[in-house]
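Student: Now for the letters of each chain:
2 protein chains.
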Amino acid sequence: MSDLTSLFWPSSIAMIGASDDASTLRGRILDFLIQRNYQGKLHLVSTNHAQIRGIRTVGTVREIIGTIDVVLVAVRADLTEAVLRECASAGAKFAVCFSSGFAEEGDAGRVRQDTLASIARETGMRICGPNTAGYFNVTGMVPVTFTRSADASRGSPEGQVRRGPVAIVSQSGGLGFALQHRGAVQHGLGFSGIVSTGNEADLESLDFVEHLVGDADTRVILLLLEALKNPARLREVAARAAAGGKPIIAAKFGRTTAGARAADSHAARLTGSDTGYDAAFRRYGILRVEDEEEMCDLAAAFSRSPLPAGNRVGIITTSGGAGVWMADACELAGLEVPLLDDATQKALSAFVPSYGSTVNPVDVTAQVSINPVGAVEGQVSPLVGTLSVLAQCDGLDAIVLVANLSDGDVLLREKAALAAFVSKLKKPFLVYTHAQASRESLELLWSIGLSCFGSTRRVARTLNMMLAYSRMLADGVAAGTAAQMQRGEARPAPPAKIGELCEYQAKSLLRDYGFVTPREMLARNASEAVAAAQSIGGAVALKIQSPQIQHKTDADGVMLGLAAPDRVRAAFDELMALARRLDANADIHGVLVQEMAAPGLEMAIGVVRDPDFGPMMMVGLGGIHIEVLKDVAWELLPVSKPVALAMLKRLRGYALLEGVRGQPARDVDALAELMEKLSEFVEHCGDLISEVDLNPVFVHEQGKGVQIIDAMILGSDREPR
Amino acid sequence: MSDLTSLFWPSSIAMIGASDDASTLRGRILDFLIQRNYQGKLHLVSTNHAQIRGIRTVGTVREIIGTIDVVLVAVRADLTEAVLRECASAGAKFAVCFSSGFAEEGDAGRVRQDTLASIARETGMRICGPNTAGYFNVTGMVPVTFTRSADASRGSPEGQVRRGPVAIVSQSGGLGFALQHRGAVQHGLGFSGIVSTGNEADLESLDFVEHLVGDADTRVILLLLEALKNPARLREVAARAAAGGKPIIAAKFGRTTAGARAADSHAARLTGSDTGYDAAFRRYGILRVEDEEEMCDLAAAFSRSPLPAGNRVGIITTSGGAGVWMADACELAGLEVPLLDDATQKALSAFVPSYGSTVNPVDVTAQVSINPVGAVEGQVSPLVGTLSVLAQCDGLDAIVLVANLSDGDVLLREKAALAAFVSKLKKPFLVYTHAQASRESLELLWSIGLSCFGSTRRVARTLNMMLAYSRMLADGVAAGTAAQMQRGEARPAPPAKIGELCEYQAKSLLRDYGFVTPREMLARNASEAVAAAQSIGGAVALKIQSPQIQHKTDADGVMLGLAAPDRVRAAFDELMALARRLDANADIHGVLVQEMAAPGLEMAIGVVRDPDFGPMMMVGLGGIHIEVLKDVAWELLPVSKPVALAMLKRLRGYALLEGVRGQPARDVDALAELMEKLSEFVEHCGDLISEVDLNPVFVHEQGKGVQIIDAMILGSDREPR
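Residue numbers (our numbering), protein chains in the order written: chain W, 3 to 723; chain F, 3 to 723.
Here chain W stands alone, though its shape is the one from the complex:
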């Protein structure tokens, strides 16, 4: 783990080519540092001016006496290498490289970028960028950036950067700093810092996230990503964040064709597989958001509110109609809006007029805003009275207030009582306004630790994400799942090679590791096939075996339900002839003779190797469920039995495993155990296996287990076709 303290809290900053022209990029950076009253030592390097903004300059970085914590470089791409080498030899610890013209501009730029990486490795001077918009340490008020969001002289007062617990790490400088502005105006968010990671020649997003996890001033981390430079590090960084109870809220761009094309064009980033990122985020407890509004909503909620223990929401409303809308939004999102118990309703009736309602939503009606309250000293207002009853109701996990906050009057009268109420509250309490909230209302809410949301859907979604995070923490997220793996008996050493296996070889390998397969034998000629069928007994299936014919069913390479010896013999000959017709050069191992399995519910289980996150398991109901309905669940390995069960429950068609329409319940336990066993097997074999496909697996009735009907295993060491 890199210590980035000197980068963000520099005791000295050197600027190469300093300028006093605030319309230039370098001039602006300097201007912002002076504007914010930077307290460390400022070294200005200039060959043109002896003095800039009242500070004496030096001619080269080598003339600087004393330590250089951070050097700022914004020179032409082709000059960057020389400048950075000079800075490194002058002893600079960190360089922030704003220059563009690197990987985002093609092959020559990529070579230049690789050189920057080498300089960092060779000299130990760590580099942020190139093509970065810089950073802003808000806690320390150190702006090292040219973006106008950092310009205190520009923009509205509400958009100005304020201190607080939210940090932003962004691969897009424009988006990262814009998100600060949006969060400040919409939710009054305060920040600890914002970092634009640029092209990440050296320091990468996860270095910054890791630093922020250890930063006492940061409680929520927003991560805007196109692609991780080192995806393999995500697990450890995320586990550390989870251990600290600091949620990472991530947006991943470049998910679609057009998005990926754009990411490649502006930052030369290949955006990886969205399935892989999605599985990794879920597994590592990272909250993935849909859009920037949701990101700000979650930042507000997580930085201000306790987490919910469950999904039961109490709604208090000043408008019947708006209460209905909120109740709909919560239930449609999977939250509960339960009827309140009699004691609670009775307690509420002291505060709710006859034309209101004490069921849930609790309709206190517009009287709350029309009638002045607190006229009698010490009297509890209907609003705070109602809230207190809901706070004490054990049947509720969260409270939502629906009110028209288009002016500040409603809340102003209640401020002191509300603040006292909020300070003692142990449940999330979110405020929603159906009109546009006034600035006074918003600032009042923020000042007492509440957040206000502008849509019913966003309230429901925020509560759901808080609940998801709360459950992830309770489950121990990533760390726990691995610990729960049931380690099997002693296993043989991984095979030396795998290559491209036929079904019979794949099954044989699986049997070596304790998997149970149907009884089956390879027949190399018709007589062997007949003998095998007789030894197995009953009807058998025959399947052609050749590494070149992996999709046997599609190729008509499977014949089912053969019993009589002459039919087995004829089938053998037919399959061999077929194989030769399909591929004259195919390496035909023979025909697999297999017992006919009792019918079961068809599932498919697969493992593929994601280029970023390594092996991932997929499970789905067989046939159309996977291919037409795309009803599959993914998880990164390891997949323990509890994780496997959770995957199965995510399937839309899960009810089929539970048994519907007179069908029996299936052996879900055995299925989950098979998935765990497969996970262990693939991990045991290390990098050797690139793909496994158990398809179909028959899942029998409860207690009757599962059967691997067909299996395919591809080694990472197979010959390219």
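Each hint can be trusted.
Identical chains share a label here; the pair holds if one copy fits it or two copies do between them.
Here are the simulated DSS-like pairs of lysine-lysine, each with C-alpha atoms no more than 30 Å apart in a straight line:
id, residue 1, residue 2
1, K632, K554
2, K632, K651
3, K643, K632
4, K554, K499
5, K679, K651
6, K248, K429
7, K679, K554
8, K348, K428
9, K348, K429
10, K248, K643
11, K643, K679
12, K679, K499
Hint data in this document are derived by calculation from the structure and do not stem from the laboratory. Keep in mind the model is a prediction, meaning the values are calculated, not measured.
Here the structure of chain W is known, so what remains is to put chain F in place on it, guided by the hints.
Tutor: Using the frame of chain W, we list chain F on its own:
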């Protein structure tokens, strides 16, 4: 159709119990009228004061000389009837009844409300309310309401009501007026009027919508609904709106258990079936929204922008990262972000720097905001230059600008050129800002006819809804679908009665109307069963026939694949015994002997009668698709063949009909024709049929038709169980 002109444009208003105390409800209404300088005659009725706010009062409404267009009533519920009768006999044309204490307060209140309805019917005086927050004719600046949104002395300048083309009809007064405020602040929306419909004792939501469709100042209608009083009127009103090109954007509340409970509790409204409303909205071309943000977004887009002709979006961005995010959002929403053709890219390259991009998204980079433009007189700026190229590109149907509008500088420089560009544009052009937009930016955009959106997801969703509306208009919405029905040959008169039919009777009825069913005969004893089987030939199915055993398969009342006479005989006896065991009093008609159908893809087609919208057809793939995956499509009758095909295409599993995994393509044409025929049959029978279930229907390969394997028909005239 009611003429509501005098209600909204009253030449005289009488207020019962007028008050000069602006802290009371009646005082506020008067205050707002005076505040807005109401130009008509104001009659104040008061027994306490000879003069109020400088106007001489009268003692009773009968003393008023001249016409009374609108009388305002806000008295205690138990006094309302007498007051309204007096107003009616004084010749008032309309009453706005603010009083509460009616259906929302239980049975006694409901009786009072029914009395109000009678007064309207008997006297011809039309009533808005009771329990209404009133209306605000914004075009005419006539506020007849007590809601503070109408109070010009309160709230921020941005939230004030402005004139414009958007109208709001809301069953919730709180929500309706709050939506105006939200729309004004977020999108600078101007309004023609806002109506709170209250409990709708007399005038109902659709009366107001109908009025607004005919109102020249209204171009977009927002409808906030819990339940329609007369759902049957929706079709005609919606068709008139579509003919006028005026979109109706509707939110329907009370969709969930908690939501419906709340709607019942605050306005005594039963919220109907959400499936029915959803089907009705779709069929009648009404755009349904998710939340209030989407409602305002659509109001802004529809009131300002031309409609798109297709789904191809061109994105121009000043931030690479934000462009990636927008491209993702568009593609995830089903829009296309196509690569631009060579000529367009070449034309763009004049405006895009080397580190930008001319593919789509077009990245003009932050230079647009940093470098001053127009320094050279008459030179086209990169922003407007790029936009003009995209506007001329035939491969794009809409343009989205992504920019950081946290201050107004970027756009201010370009205002004149942008305005000229927008005035000539024939495609939608939506603006998105990744930071929070400044007021100056927003007002500049609004002043030149553009709207600004705060999330990528909302931009994509808005474009999608505009496209959907554009396509609905092109398809002729509701009117067209009925016209395209293929009227069949002459049909027998509808049956006199239906009751509860057994399968064989249902099929016989269907055959009368030209439906083709498998060969089948009812057998009343075992010998008849054997004879029937022999006459049909081959294997047959036997099915128990009793109106009390409608779910034969679940009851084991079906036996398949019987050929030998003794097996048919045994099966007959077994089924009869089973039926008697199941229900000793069952009316057992016998056993249906049916030819074994060739296997086909199983579908289910049903018709049920929605209490609000009448008969609705459901279609889905058989078995788990319906029961587990809930993969069904609904439409109101009539279902023509094109509508049927559209329903099938909405199914997630539609690919199964097209043929996947080596399965043949199915006879989709024959299936759609069957659906159309069923629609005609049910409509032909009028109200007589309450439910039809064709399940399964086997769909054979292309050209080989469909077969109704089982059928159930329930008459509306059946005995209740």
